[in-house]
Amino acid sequence: MPPLEAWEKVFLDDQALGKVHADLGCIACHGGVGGTTDKEQAHQGIVRDPDPAQTCASCHKSIVGTYQNSLHVTLAGYYTVLRARSDEEHWPQLMTAFDNHCDNCHASCGQCHVSRPTLNEGGLLAKHEFKKLPPMNLTCTGCHGTRVNDEYKGKNQTADGQKVPADVHFNPGGMACFTCHTGDQMHGALGVFNHRYDGPPDPSCTQKGCHENIGGPDDQVEYHTKVHLEKLQCQVCHAEPYKHCYNCHVQLSDKGVPYFKSDPSEILFKIGRNPIQSPERPWEYVVVRHVPVARDTFAYYGENLLPNFDARETWTYATPHTIQRRTPQTESCNSCHGNASLFLTEDFVRQRTPDEVEANRNVIVTKVPARIP
Amino acid sequence: MRKGIWLFLGGLLGLILVGCLARPEITPLPPSPMLPAVPTLAATPVPPTETPVPAADSSTCIACHTDEETLKALAVEPEKAEHLSEGEG
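Sequence lines, in order, name chains A and B. Numbering follows this note's numbering, with no gaps: position 333 of the first sequence is 333. Numbering follows this note's numbering, with no gaps: position 72 of the second sequence is 72.
Okay, chain A solo, but in the shape it has when bound (with noise of 0.2 Å):
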């Protein structure tokens, strides 16, 4: 996203406000001091992020009531696979480096609907207009842009050359990130959950109003067979090459400036086992994405900080922002019958990441489906 300069990300225009937002003035949300023209003795106690239990609930009192259960809240997900992989022994340098690290990925309201993120630097997104529907090029992707806008839009092309066509969501179909992901769910209005993939998928490929008749009567397709359908995730059939990362380190300057170093990521296709199983999830066969997550991520903040990294596999669950209705995966039977490239093998793991053989056993395919005559 293009970059404002400090002037551009304060400047603003009190008629975009709108009436009902503009009526309470300055003052009532951000603090500070009025009636002066003195910079610094106006932004006394100036409050950039206002607390939205003290000031957007006057209003919107039910989404305030949910949003800190909102993943971007919580960053529930973190913590999830961090207690997996670590003790009580580690925890506390462990949180060092998160603080450091991690825990800057916070949304606030302002942060989606008035301002860019902080994670990006902040800055008004249209002069303090305040948006109903954030910009998802200014903010969703903003934050999520080395994976999910990048698969999403099409800029990525494989080791040979390829390039990855964009989502059909988003090309033709045109749906930004909230045409799936509702305001409910970024608002926390779901649920508490641990992770982006507790509780049942949402969004679903097949909830209402999207492909609700997949499997009915009227589906024609003809790979969506009884059996197809119970033992594979949709993704596994219609997602295209996606992103993986390997190996993050991090650590800080000299200075105390927070940083990190990864190895260059991959875009690559593989099929492993469903490490979540569950009759919310009940498919046999999903695609996984390596996480960059290594056995030594931590290492500058201690010795061996995540004592228990094989309690989670590195190839994790996934749903890339690849979709398409036609992929290499759905040419013919044998594209995936007996084709052990797509699939996530022990021989694949050993030669990619030979330290997580034992991290990831319970997502490895130790038997390819066979080739059909």
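Don't read these hints as lab results, they were simulated from the structure. From a predicted model like this one, the values you see are computed outputs, not experimental measurements. Don't take every hint at face value.
[As the list claims (entries may be wrong)] Result set (PhoX-like, lysine-lysine): computed pairs, CA atoms no more than 20 Å apart in a straight line: (1) 72/B <-> 39/A; (2) 163/A <-> 153/A; (3) 19/A <-> 163/A; (4) 127/A <-> 9/A; (5) 61/A <-> 132/A; (6) 72/B <-> 9/A; (7) 131/A <-> 9/A; (8) 127/A <-> 72/B; (9) 131/A <-> 19/A.
Given the coordinates of chain A, work out where chain B should sit on it, guided by the hints.
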């Protein structure tokens, strides 16, 4: 006739009560088997909040923050953070 109406209404009330009692209990889904529990937040009750009151005259704030030239003169570019990171975040 009136007695009949009362009998009818009484019967209707009884049916409603029986219907309520017979409502199937909603069984929560079993927890996801993948992970140990982590602390979670319950829906946070929001205390009654009064609409923020315009506490003071904001006209000087508005005057400055809508004046491009003034902002250009006063806004301070934050010190650029060191960009030492390598690879995709």
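For each hint, the structure was consulted:
1. 72/B <-> 39/A: Holds. Residue 72/B to residue 39/A sits at ~13 Å (cutoff 20 Å).
2. 163/A <-> 153/A: Roughly 11 Å between the alpha carbons, so the hint for residue 163/A and residue 153/A holds.
3. 19/A <-> 163/A: violated, 47 Å
4. 127/A <-> 9/A: Judged against 20 Å, a Cα distance of about 8 Å means the pair holds.
5. 61/A <-> 132/A: holds, 15 Å
6. 72/B <-> 9/A: holds, 11 Å
7. 131/A <-> 9/A: Judged against 20 Å, a Cα distance of about 16 Å means the pair holds.
8. 127/A <-> 72/B: Within the cut-off at roughly 15 Å; holds.
9. 131/A <-> 19/A: holds, 14 Å
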